[in-house]
Amino acid sequence: MKDFETFQEALDAHPSYSSNLSRSMSLVLDEFYQDLRTVGISSVTGNGCTSFFKEVSNAVKEYYEEYVPHLEQLRTIIEKRKEEEMDAQLKKLKVDRGDEIKLENEMLDPQQTTNLPPSFSNYNDSDDDQSDSEVQYEESTTAEASFDRFIGLT
Numbered sequence: 001m002k003d004f005e006t007f008q009e010a011l012d013a014h015p016s017y018s019s020n021l022s023r024s025m026s027l028v029l030d031e032f033y034q035d036l037r038t039v040g041i042s043s044v045t046g047n048g049c050t051s052f053f054k055e056v057s058n059a060v061k062e063y064y065e066e067y068v069p070h071l072e073q074l075r076t077i078i079e080k081r082k083e084e085e086m087d088a089q090l091k092k093l094k095v096d097r098g099d100e101i102k103l104e105n106e107m108l109d110p111q112q113t114t115n116l117p118p119s120f121s122n123y124n125d126s127d128d129d130q131s132d133s134e135v136q137y138e139e140s141t142t143a144e145a146s147f148d149r150f151i152g153l154t
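Following the working numbering, the numbering of the sequence shown begins with 1 at its first residue and continues without gaps.
No lab work stands behind these hints: they were computed from the structure.
Each hint should be verified, as a subset may be incorrect.
Unchecked claim - As a list, the in silico SDA-like pairs of lysine to any residue whose alpha-carbon atoms are at most 25 Å apart: (1) Lys80 <-> Lys91; (2) Lys54 <-> Gln34; (3) Lys61 <-> Glu31; (4) Lys61 <-> Ile41.
Here the structure is a predicted model, which means the values were calculated and not measured.
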């Protein structure tokens, strides 16, 4: 498992589909087995059990000292990213709803907010006597006339 050349020779001795697959994956396997700890145990006599349990306890110690802190660090990074993404989505929602959009001349005063975007901050509605339905009707007839001119009906 730890000698790349010996592994290649063993694969060459038995040509088959699985050996061809293993040969193509042998570099990956070599990298995998390079850091893998092994312990020999006799199933008949039980020799090597103490070294096995010693390696298991070392692996447990390594898990709690190296792997768990790394996982906690990744977890905090992921939670921070989720919070940032949620804040960004909330800001987009507020802008879409029209909440808390500051006018250009009120940027210095954080207490004043409005629902109007800055482009409509100085809008002066002088035609208060005209109803919304009349405005919509005028817009629709203008759009229809424009479309008719486009397709050449009039």
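Taking the hints in turn, this is what the structure says about them:
1. At roughly 16 Å between alpha-carbon atoms, Lys80 and Lys91 fall within 25 Å of each other, so this suggested pair holds.
2. For the given pair, Lys54 sits about 20 Å from Gln34 by alpha-carbon distance, which is consistent with the 25 Å threshold.
3. Distance check on the hinted pair: Lys61 and Glu31 sit about 23 Å apart at the alpha-carbon level, within 25 Å; holds.
4. Between Lys61 and Ile41 the CA atoms are separated by roughly 22 Å; this keeps the pair inside 25 Å, and the hint holds.
In the structure shown, no violation is registered for any of the earlier numbered hints.
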